[in-house]
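A.B. asks: In this note's numbering, the protein residues as written are 1 to 222.
What the hints contain is simulated information worked out from the structure, not anything from laboratory work.
In silico SDA-like pairs for lysine to any residue, Cα to Cα no more than 20 Å straight-line: (1) K68 - R90; (2) K68 - Q45; (3) K93 - E82.
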Amino acid sequence: MRKERSERASLYSQVTSRIIAELEEGRLPWVQPWDSAACGCTMPQNAGTERSYSGVNVLILWAEVVAKGYASQQWLTYRQAEAAGGNVRRGEKGTVICYADRFTPRAEHEQAQREDREARQVAFLKGFVVFNVEQCEGLPEALAVPMASPDPRHAIAGADALIAASGAQFNIGGAEAFYSPSHDFVQVPPQAAFHEPINWYRTALHELGHNAVTLIMPHGVG
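Using the sequences plus the hints, can you model the full thing?
C.D. replies: As structure tokens, then:
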């Protein structure tokens, strides 16, 4: 049990530290600086399953694309690269992302049955490593080709979808942009207050980044 808690705390720390570092470097909001990356503002996707990543993993993978200048938003695990007929190039370092879920321990399920009550679930967080397809070689052409960059209008629509999918309480109004940890909501001024629409999305996603850090590490860093 102690080992599991230690591993979970370590994962919390890794993910939180990464997001905080990107905030400090100004790379959150995430729809900025795509001129420093070779790909378009699309959702990160698992190249093997074609499923888009969600939650904080979107922020982590976008940050990695910007930092490394990848031309693709597609990712694979080491085993997926091998199963596809390719491999991760020697010396390449992967990116740690996380999978969160809940389960009911067997003992708790049995205890709940004896006490005629609903079983309590336990949350768990598991980390795993993925590699951008550009870090791989020998992949089939269909996996190696970067996804097409969308029209900028679609990129902004994608930002709307990300805000909606975040699950955060999102308030629009006032003259300040901030995230309130004590009340767990994001506040941004109305779009009319910004000179350019894209800057509203930059600000909104920046504040959602603070919200994501709090969700991952609710008791703070350290």
